[in-house]
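Engineer: The primary structure of each chain is shown beneath.
2 protein chains.
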Amino acid sequence: MEIVLIGSGSVATHLGSALQSKGITIKQVFSRNPENAQHLAKKLNTTYIDDLEDLYLDADLYIYALKDSALKSVLRKMERIPAGIHVHTAGSIPMTDFEGFTGSYGVFYPLQSFSLKKDVDFTQIPICIEASSIEIEQVLFDLAKLLTDKIYTINSEQRKKLHLAAVFACNFTNYMYDIASQILDDSAIQFEIIQPLIAETAEKIKTLSPYDAQTGPAIRFDETTIARHLLMLNKYPEISKIYSLLSKEIHTRHKRS
Amino acid sequence: MEIVLIGSGSVATHLGSALQSKGITIKQVFSRNPENAQHLAKKLNTTYIDDLEDLYLDADLYIYALKDSALKSVLRKMERIPAGIHVHTAGSIPMTDFEGFTGSYGVFYPLQSFSLKKDVDFTQIPICIEASSIEIEQVLFDLAKLLTDKIYTINSEQRKKLHLAAVFACNFTNYMYDIASQILDDSAIQFEIIQPLIAETAEKIKTLSPYDAQTGPAIRFDETTIARHLLMLNKYPEISKIYSLLSKEIHTRHKRS
Chain A
60 MEIVLIGSGS
70 VATHLGSALQ
80 SKGITIKQVF
90 SRNPENAQHL
100 AKKLNTTYID
110 DLEDLYLDAD
120 LYIYALKDSA
130 LKSVLRKMER
140 IPAGIHVHTA
150 GSIPMTDFEG
160 FTGSYGVFYP
170 LQSFSLKKDV
180 DFTQIPICIE
190 ASSIEIEQVL
200 FDLAKLLTDK
210 IYTINSEQRK
220 KLHLAAVFAC
230 NFTNYMYDIA
240 SQILDDSAIQ
250 FEIIQPLIAE
260 TAEKIKTLSP
270 YDAQTGPAIR
280 FDETTIARHL
290 LMLNKYPEIS
300 KIYSLLSKEI
310 HTRHKRS
Chain B
60 MEIVLIGSGS
70 VATHLGSALQ
80 SKGITIKQVF
90 SRNPENAQHL
100 AKKLNTTYID
110 DLEDLYLDAD
120 LYIYALKDSA
130 LKSVLRKMER
140 IPAGIHVHTA
150 GSIPMTDFEG
160 FTGSYGVFYP
170 LQSFSLKKDV
180 DFTQIPICIE
190 ASSIEIEQVL
200 FDLAKLLTDK
210 IYTINSEQRK
220 KLHLAAVFAC
230 NFTNYMYDIA
240 SQILDDSAIQ
250 FEIIQPLIAE
260 TAEKIKTLSP
270 YDAQTGPAIR
280 FDETTIARHL
290 LMLNKYPEIS
300 KIYSLLSKEI
310 HTRHKRS
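Residue numbers (the numbering used here), protein chains in the order written: chain A, 60 to 316; chain B, 60 to 316.
Any given hint could be a false lead.
As the list makes no split between identical chains, a pair holds if one copy fits it or if it spans any two.
Straight-line alpha carbon distances no greater than 30 Å define the calculated BS3-like cross-link-like pairs of lysine-lysine that follow [to be verified]:
{"no.": "1", "residue 1": "K263", "residue 2": "K102"}
{"no.": "2", "residue 1": "K81", "residue 2": "K263"}
{"no.": "3", "residue 1": "K307", "residue 2": "K220"}
{"no.": "4", "residue 1": "K265", "residue 2": "K209"}
{"no.": "5", "residue 1": "K263", "residue 2": "K220"}
{"no.": "6", "residue 1": "K265", "residue 2": "K294"}
{"no.": "7", "residue 1": "K86", "residue 2": "K136"}
{"no.": "8", "residue 1": "K131", "residue 2": "K314"}
{"no.": "9", "residue 1": "K219", "residue 2": "K294"}
{"no.": "10", "residue 1": "K204", "residue 2": "K263"}
{"no.": "11", "residue 1": "K219", "residue 2": "K300"}
{"no.": "12", "residue 1": "K314", "residue 2": "K177"}
{"no.": "13", "residue 1": "K265", "residue 2": "K102"}
{"no.": "14", "residue 1": "K263", "residue 2": "K126"}
{"no.": "15", "residue 1": "K314", "residue 2": "K126"}
{"no.": "16", "residue 1": "K314", "residue 2": "K176"}
Calculated directly from the structure, the hints in this document are not laboratory data. Predicted model, so just to flag it, every value in this text is computed and none were measured.
Between the sequences and the hints, there should be enough to build the whole structure, so can you do that?
Structural biologist: Put into structure tokens, the structure is as follows:
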């Protein structure tokens, strides 16, 4: 199978390397930034282009690993849309953004937070697929199967919700760690002391639901502790607001049920 | 060394078992609830009391693993305060709550979220100690050393902050997971799909600071995605409020620096 990668960021890099290591041919890399294109092409030992006029037209699969907003504008810039299958890798873009450009399309969404500097183990990454036909779905499934056993057929409506849930589970969670690290820094306590607690919190929800795993002063509405915490947060008005809102909502949710 | 456990909850249970497995004698368990006292005593193959009149007076160490509010009232109910060392296990209570009752006291605070149903590996748990004298600090250090290499001397002022940071890193983080699971449930998506993302998010901050690990629509203030997410949250007004506040604060924090 011959693949063209449209994009050169962390998803294109990790996904391209992983597929290549499974014997898939990465035929070409496109980025409008020639340095980035060259950098990834070198890593994958393949050719690169920074002008869509030079696009290789005979690939089996075109993977668009782009910023959410860039897909349609890249498609519009193509003089001719190649005959192969076209998929994007985004959580928040509907599959139908390919409509009007091609009839062979789908989504190949690896649900993970990628950083260029950190290696990933694809066997641990769920891949969400969706396709414009059963045949294409099968092609995407077989491709995903090379990388992981965690393959999910998720439609565009569900994928939007999944992406929203991921913001809470990853981005907002990481911000909670960031707030904890600010409080510790200001008190001359090393962040490492709290890492085992973070690890155990993430571990617990593998066997308990997050609802059942909830602990802390908010769930039992321990007003004394909450008041003491808010007092300590006096000099951080934004964090204090977050503390109050989350405590209130945790309490309400657990009182309700 | 002979220890008396005051309390029979999850901290007393896990800590008592762990110490006993290292050859420490658990001489007695007290709980005002006789069933709980008996249950833990049976588990530890020792004796129990539910009346402080029957307290064993010759132990080397008395560990108070109680609800935050209960320490002083238990001390007040003791006819005679034994001569041994007295420590509590709480994050948010100052060491000096023992003052006026005894001169030999300290804190032995395992920084972890314990659940009765889930086993813990004490080698992975930081233990924060503080003591009224250097000699007692050494006793507590040696005791902690039986269980873990992660031993920190933390004063009461710092421990209060540490406890506050733990609320963000554990309780609020878990609530983020809970919100994600609500969104997924309502969209008929299994929660397991997001578990690898949660694991990687917790893993990342071992090598990157949470500040550097931050990703997501908020940090780049991707207004289109944020607006689309808020639209999806229309029917969850509380979660919508949390989404807006956290997005705003993430953006402000990263703009500032």
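Engineer: With reference to the structure, classify each hint as holding or not holding.
Structural biologist: Verification of the supplied hints:
Taking CA atoms no more than 30 Å apart as the test, K263 paired with K102 passes between copies only; the shortest distance there is 24 Å, against 38 Å inside one copy. Taking the closest pair of Cα atoms, K81 and K263 come within 30 Å of each other only across two copies (26 Å); inside a single copy the shortest separation is 33 Å, beyond that limit. Taking the closest pair of Cα atoms, K307 and K220 come within 30 Å of each other both inside a single copy (24 Å) and across two copies (20 Å). In this assembly of identical chains, the alpha carbons of K265 and K209 lie at most 30 Å apart whether taken from the same copy (15 Å) or from different copies (25 Å).
For a Cα distance limit of 30 Å, the shortest separation of K263 from K220 qualifies both inside one copy, at 23 Å, and across copies, at 24 Å. With identical chains, the CA atoms of K265 and K294 are at most 30 Å apart between copies only, with a shortest distance of 28 Å across copies and 36 Å within one. For the identical chains of this complex, K86 and K136 are intra-copy neighbours only, at 20 Å inside a copy versus 79 Å across copies, given an alpha-carbon limit of 30 Å. Proximity of K131 to K314 under the C-alpha cut-off of 30 Å is restricted to the inter-copy arrangement: shortest distance 29 Å between copies versus 46 Å within a copy.
Only between protomers do K219 and K294 lie at most 30 Å apart by alpha-carbon distance; the minimum there is 15 Å, versus 37 Å within a single protomer. In this assembly of identical chains, K204 and K263 lie within 30 Å of each other by CA distance both inside one copy and across copies; the values are 28 Å within and 25 Å between. Taking the shortest alpha-carbon separations for K219 and K300, both the intra-copy value of 28 Å and the inter-copy value of 19 Å come in at or below 30 Å. In the homo-oligomer, the alpha carbons of K314 and K177 lie at most 30 Å apart only across protomers (24 Å), although the nearest pairing inside one protomer, at 41 Å, exceeds that limit.
For a Cα distance limit of 30 Å, the shortest separation of K265 from K102 across copies, 26 Å, qualifies, whereas the shortest one inside one copy, 36 Å, does not. In this assembly of identical chains, K263 and K126 lie within 30 Å of each other by CA distance solely across copies; the values are 22 Å between and 33 Å within a copy. For the identical chains of this complex, K314 and K126 are inter-copy neighbours only, at 20 Å across copies versus 41 Å inside a copy, given an alpha-carbon limit of 30 Å. For a Cα distance limit of 30 Å, the shortest separation of K314 from K176 across copies, 23 Å, qualifies, whereas the shortest one inside one copy, 43 Å, does not.
Violated hints: none; the structure is consistent with every hint.
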